[in-house]
Amino acid sequence: MARYTGPIIDVDIHHRYKADAEVFSYLSREWRTYAEGGGLAPQTVRPPGPTTATMLGNGARRVDAFPADGTFAGSDYNLLRAQLLDRYPYYRGILTHDQGEYGQHPNLQFGIELCRATNDWNIERWLSLDERLYSVVAIPTAAPEAAAKEIRRVGNHPRLVSVLMAGNGFGKPYGDPVYDPIYEAASDMGLGIAIHLALNRPNSQTTAVGGPASTSMMAISQCSQEAMHYVSSLIVQGVFEKYPSLHVVLKEFGTAWLPSLLWSLDKHYDLLKFESRWVKKLPSEYFREHIKLSTQPLEESPDPKQLVDVLNGVDGIEDLLCFSSDYPHFTFDDPTYIARHLPEEWHAKVFCENACSVYGWEIPRSSGDVAALKAPVQPI
Amino acid sequence: VWCFVKIREPIDPVIDACVFHEWPSILSLTAHMDEGWAELIRRDGDLTGPLRLGSNWLYRNPDGGNKARSAYPVDGPAGSSLELTAEQLFGSGRRHRVVLSYDDGLLVTGSNFHYAARSAVQAANDWSVAEWLERDERLFGLVLISTSLPDAAAAEIRRAGRHPKMVGVALGANGLGRPFGHPVYHPIYEAAAELGLPLILQLGSDAMTDQIVPPTGGGLANTYGEYRSLSAHPAMSHLGSFMTEGVFDRFPDLKILIVGTGAAWIPGYLWRLDYWYKNSSLEVPGMTHPPTEYFRRHVRVATYGFEWPAQPQRMVRLLRAMPGLESVILYTSGYPNYDWEDCTLIEARLPDEWRRRVMYENAADFFRWPDDIRVDKGSEPAARDEHSTAQERL
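Same order as they appear, the protein sequences are chains A and B. Numbering-wise, the working numbering puts 204 at position 204 of the first sequence, and it's gapless, one number per residue. Numbering-wise, the working numbering puts 110 at position 110 of the second sequence, and it's gapless, one number per residue.
Pulled out of the complex, with its shape left as it was, chain A reads as follows (with noise of 0.2 Å):
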């Protein structure tokens, strides 16, 4: 059975606030009122949304995640460094928010401050805690202006690594145009893109062909079709063209589609062009060079060879694979079990590599770096 000790790169772990006020605090006093709602009709850090993935039990969480204290899973430094930052060779996590489409309230400029107030309380409650710790600005995106400003605004924090699209603001394709001053300012910072699924989001288009679904399982299976899209719209819309060195990282999708997509695309190669200036290479070319899939889903075929198969309908799929664990979700990956179900000449990629030159990092040479880095705990 294929082992992997080697140093950790983990690109989606979901942290959160204990109690909405502590992002709060972190407002304007006037937004600061308007939160807190008179005491009795307080604001909540996530946007109201559609209920159908609230059905899973404990809010879709570990229970051994949830601290001591009653808060939620996801919210405590010293649990989060036990169970995962300590437990295994970690080098480097990439805290995603939980899941950070805290910009998608219906008052799009209490969800702009909103956005600031997370980033400072990001950078003052999470990042200075360990250096292991690196993450995402968080941003409203159906206000694309004061995304970029907030971006420029935080984007130079040198452990803020990429800049989180989660919530499809405007219910469209991310290569449409309306969002590109979130790539120029992403761009000119030097960050990449994370996307990830957000299926809590209101009003956002995301899994809704044939309709909504009605039960979390189907919501949940089916958001595949949103990163799909994004990554076609990505391409045959121009982003890469026009921001050449931008790259992106799609988290939370699962990667068994991929095959389907890149083939799709090519095999419209010539169609594309026709109806797009922005296409003058093969899709796959491109989502090669800028795109990359965390691992969690990983897909469970009956055996695990099966999966291999489908993910080998894309050449040097090694490269493009992130590992991701999903911390504190049930459906957690823990790094052993993807080391098990995949090939053993993957593993220093997919573990490590592969988000070292997403991120620009050095790769590590030894797992002595990382003990190097081990924190001193920090009381909170």
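What the hints contain is simulated information worked out from the structure, not anything from laboratory work.
Now the stretches of chain B that chain A is said to cover, found in silico as 3 or more residues with beta-carbon under 8 Å: (1) 214 to 227; (2) 239 to 250; (3) 259 to 271; (4) 278 to 289; (5) 316 to 329.
Computed cross-link-like contacts, DSS-like style, restricted to lysine-lysine with a CA-CA straight-line distance of at most 25 Å: (6) Lys242(A) x Lys280(A); (7) Lys305(A) x Lys278(B); (8) Lys281(A) x Lys172(A); (9) Lys149(A) x Lys172(A); (10) Lys67(B) x Lys273(A); (11) Lys172(A) x Lys280(A).
These numbers were taken from a predicted model, which means no experiment stands behind them. For glycine and all other residues, C-beta sits at the position ideal for the given N, C-alpha and C.
Using the hints provided, position chain B relative to the given structure of chain A.
Frame of chain A, contents of chain B only:
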């Protein structure tokens, strides 16, 4: 250099599970309608001509249209001439049976004007029988329905579906904007199951301007090429819905063919559904089997629209990752679309042991043929007792 080329006997006969036939003009239908509707459509004296009944496609191939140039007869739209269609499809002498599946006919089903759509599908079915099915013994048909009025659709299946050459039901547009497993559509499945007719779900049925829901996840596609590349989306949504809403438990003999949606996404999607079936089964009390099992028993996939990468054998290699898919795939030409695929082309891409199944046997077992040509005579879709238990729970 010596090349050893294996000469393979062509499969004969061949069944082509989906050809898009077309009426020469909307006026072809008026002869089969009540006078009131006929008058509305004819619009005698109207400077813009007769009413173009039905929705518009949202997406059209901008490079020459959706149809093959060679498929246009001298005096009408592609696919509107029985003679030309027969010449181009039966020319090789091998194809024995062709299932006709409408083209503009499918647009009629998506009209928001549901009473007009109801009248139009009735007329279309009578036109199809008179002008195609009764004129050539090799041609078979599908009952066209408009799902926006499910009870009327069920009545039409019971009316038109009695014709022996009707071998299935064309599901057409998603008239009520709900995934097709939704109970509001069940009267349709009840009628289809009663008559032993399978359902055919075509790509494009979700891409009409009158539709309530978009044809792609993540918003509307900007280009036709992207829309085509994402054609798996409606199939994913509807298939999952059929399974999770317990349609196959309520109607254990019901079968579905999906056309034009590719297939390389299927293994990954089913593994994912199986995972959630295991972990979230309280949500879906109507389900008694894992999705993969429903799929094998009830779902068939057309070759038209397969992703076929530059090296076609890679497609087969991927499909082999899920054992048994060769029993699920039906040869489908997609004639007269611009990217239709002749039987010789598809046959050449299939491994030896798949060819007879895909080119003939799977379709022989799937449709309600007037003569019993089933290969798998004992194929009962499921154990009855388990299913009746599921029904009681619902």
